[in-house]
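> Working from the sequences, and respecting the hints, build out all of it.
Chains as they are written, first to last, in numbering that gives the first Met the number 0: chain A, 0 to 208; chain B, 0 to 208; chain C, 0 to 208; chain D, 0 to 208.
Certain hints may be false.
Since the list gives no way to pick out one identical chain from another, each pair is judged satisfied if it fits inside one copy or across any two copies.
Below, simulated DSSO-like cross-link-like pairs (lysine-lysine); rule was C-alpha separation at most 27 angstroms, straight line [said to hold, decoys possible]:
no., residue 1, residue 2
1, Lys123, Lys73
2, Lys178, Lys123
3, Lys178, Lys73
Bear in mind the hints are in silico, worked out from the structure with no lab data behind them.
4 protein chains.
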Amino acid sequence: MTLADAAEELVRLGTDFHRRSWMLGTSGNLSVVLARDPLRVAITASSIDKGRMHPRQILEIDNQGVMMRAAEGKPSAETLLHLEVIRSIGAGAVMHTHSVWTTVLSDYHHANGGFHIEGYEMLKGLEGVHTHEHREWIPVLDNNQDMSILAAQAQELFAAHSNIHGLLVRRHGMYTWGKDLATAARHVEILEFLMEAVGRRQMMEPQFS
Amino acid sequence: MTLADAAEELVRLGTDFHRRSWMLGTSGNLSVVLARDPLRVAITASSIDKGRMHPRQILEIDNQGVMMRAAEGKPSAETLLHLEVIRSIGAGAVMHTHSVWTTVLSDYHHANGGFHIEGYEMLKGLEGVHTHEHREWIPVLDNNQDMSILAAQAQELFAAHSNIHGLLVRRHGMYTWGKDLATAARHVEILEFLMEAVGRRQMMEPQFS
Amino acid sequence: MTLADAAEELVRLGTDFHRRSWMLGTSGNLSVVLARDPLRVAITASSIDKGRMHPRQILEIDNQGVMMRAAEGKPSAETLLHLEVIRSIGAGAVMHTHSVWTTVLSDYHHANGGFHIEGYEMLKGLEGVHTHEHREWIPVLDNNQDMSILAAQAQELFAAHSNIHGLLVRRHGMYTWGKDLATAARHVEILEFLMEAVGRRQMMEPQFS
Amino acid sequence: MTLADAAEELVRLGTDFHRRSWMLGTSGNLSVVLARDPLRVAITASSIDKGRMHPRQILEIDNQGVMMRAAEGKPSAETLLHLEVIRSIGAGAVMHTHSVWTTVLSDYHHANGGFHIEGYEMLKGLEGVHTHEHREWIPVLDNNQDMSILAAQAQELFAAHSNIHGLLVRRHGMYTWGKDLATAARHVEILEFLMEAVGRRQMMEPQFS
Chain A
0 MTLADAAEEL VRLGTDFHRR SWMLGTSGNL SVVLARDPLR VAITASSIDK GRMHPRQILE
60 IDNQGVMMRA AEGKPSAETL LHLEVIRSIG AGAVMHTHSV WTTVLSDYHH ANGGFHIEGY
120 EMLKGLEGVH THEHREWIPV LDNNQDMSIL AAQAQELFAA HSNIHGLLVR RHGMYTWGKD
180 LATAARHVEI LEFLMEAVGR RQMMEPQFS
Chain B
0 MTLADAAEEL VRLGTDFHRR SWMLGTSGNL SVVLARDPLR VAITASSIDK GRMHPRQILE
60 IDNQGVMMRA AEGKPSAETL LHLEVIRSIG AGAVMHTHSV WTTVLSDYHH ANGGFHIEGY
120 EMLKGLEGVH THEHREWIPV LDNNQDMSIL AAQAQELFAA HSNIHGLLVR RHGMYTWGKD
180 LATAARHVEI LEFLMEAVGR RQMMEPQFS
Chain C
0 MTLADAAEEL VRLGTDFHRR SWMLGTSGNL SVVLARDPLR VAITASSIDK GRMHPRQILE
60 IDNQGVMMRA AEGKPSAETL LHLEVIRSIG AGAVMHTHSV WTTVLSDYHH ANGGFHIEGY
120 EMLKGLEGVH THEHREWIPV LDNNQDMSIL AAQAQELFAA HSNIHGLLVR RHGMYTWGKD
180 LATAARHVEI LEFLMEAVGR RQMMEPQFS
Chain D
0 MTLADAAEEL VRLGTDFHRR SWMLGTSGNL SVVLARDPLR VAITASSIDK GRMHPRQILE
60 IDNQGVMMRA AEGKPSAETL LHLEVIRSIG AGAVMHTHSV WTTVLSDYHH ANGGFHIEGY
120 EMLKGLEGVH THEHREWIPV LDNNQDMSIL AAQAQELFAA HSNIHGLLVR RHGMYTWGKD
180 LATAARHVEI LEFLMEAVGR RQMMEPQFS
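This is the structure we're talking about:
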């Protein structure tokens, strides 16, 4: 994938996620692997308005998060967590979104370190899941402005839970990923759907969990 | 109806239902009868992204679900349930959607095998219903990855309840149908509206059901 | 206003209200006065899909609801209630919509015959209201398939409450109106907003009303 | 910034906020500073439909709210509060919106004079906030049709709380601002997101606050 193709796709996805209220204001960032050896990644620049993105705001970085060519803006601190997901999981694309439901559930469940989503057909939209009789663990990390700490916690998490498809950061948002852009973008849709479904299910019957 | 016309209409409907969050990711499938004798049906291929559908992903199948001509993709296992609805009910089109409200209500009511929707004017949007003083039974089947079991349960259901307009599968979604595409698509809108209305009505007054 | 201009505006409004889920399926109807003496009214035909309206589906009727010229379709029974609002209130346009929140609140409050909305700034969007310190009565009529009964109940209501801006029919929807199309359409937006606000306010604190 | 550029941007923002249901009917108003010395401000005219705005409805006013050139319409009474924000805070743009969630929360919290939003990553979308460990005070003023009283209360508020980014008026809506239009518009998105998140968080667990 060329940087130009990646930039066009990331702008399309970011604009769509903004419209759906999953990346409001300057929140969130999206990345896709351009080459593996050596690693080169296309990623949204820091602090750009997701409702008015353009391709010049997509940066090309190396495996340390250093920019490889001139562009508009610079990488955000959260680039570290994108690179950790790419390294630990082998992901080809990483999506970091901020929706209302992921924010609410990350707060509600953080004391237990996360929660399970189980028995929903929509789980089959997650790569490698072939039955609704699947028990998906959604870990919740504490938020931290020091992204090296968050990245280290994510690394531990991936070592302990090799088969997760996303994670939440408390009162912050979601990270999900996939082997390629289409898979990662589908995981955003699937996980957002599941979050809203389990959130509304619980509100209908407060003693339910 | 030609396959080309059917493909165009199914893409239009699928794209619209994706936009409304009723067929996110690769979830759901839509079908329409092209000819009765012998039966030929146009149906969405398995595992296609409903946000980026194109007409080549609409398949023509026979009464066993076998593809009648080359196309992009293959039928999903849920084709069996579409064919059962077409046979048992005589439907001309079948819509299988996955919305948040149908998912939530299917779980809430599954222990009772379903629930009634009664007294709503919007029920008159269902074919053959001419007054709000109608009591519509919404059955809920347990989910199952073996579609031959689900199809057999649906067949029993249709024998016992000849006048239903849709059914839910637990934590999965809705099947509805109609004599033609326009009727089936209207039933999706009507039933989605009614699900949200009864869901919110109950949340306003938890002891209410 | 010519019938052609009225048809164009009613199609625009109906399409917009469908998109906002206030006139799903074939639900709802819209009308506007073309001339007063003798009365001629443009109104949406019965049972048309509000997502795919076109100007040929707008009918011209007289003060008895009789069609004045050939068109696609025929008047719905609810035309009687539109004509009652035009006669009793002197309205220049009438909007009948079916939203989730009006449906839910009409059911919740019907035992009291209605409810008040008071203290909201948005009330000033209703014609003739100049302060938030206004107490708007929202009457709820029982639903009835005999529109002559509903029209007679509305006539009584208008005699008793000359300053209302809309009414609900239980588990059915809303009627609102205005001196012209723009005012009536604004009343739909304003009342829908207020319904959602009072509905969510109450859900936040169940003992609250 | 010229009046023509300001008008184009205010129409774009108002149309977008209407589409998102934050400025329904004729509610709300938007302004931007054109020059500081002497002060000249572009502001939306009173009582215009936010779904059908056009640039001729954007007025140029001086520091007393007096119109500086002919245009369509006149300033609304709320212009006084815009000018107070511009003077007291030094804001370059002011946005006054009416959403469901700000309306609901303004009512719920008004007895305490406001509420805190704390610990959310999205707070970093507010100018000058660099960590989620921020405690943002959201003051709630009582509504009043005398805008000189509201403006005086806002002046006191700004003196006591120099670091707030917005305020609510009870059962009315939100005022927010920024150094320029893009910042003020981002603050609308960020605060609307946070209001919905804290509102839904509380509904999930009623004893929570």
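> Could you work out which of the previously given hints the structure breaks and list their numbers from low to high?
none
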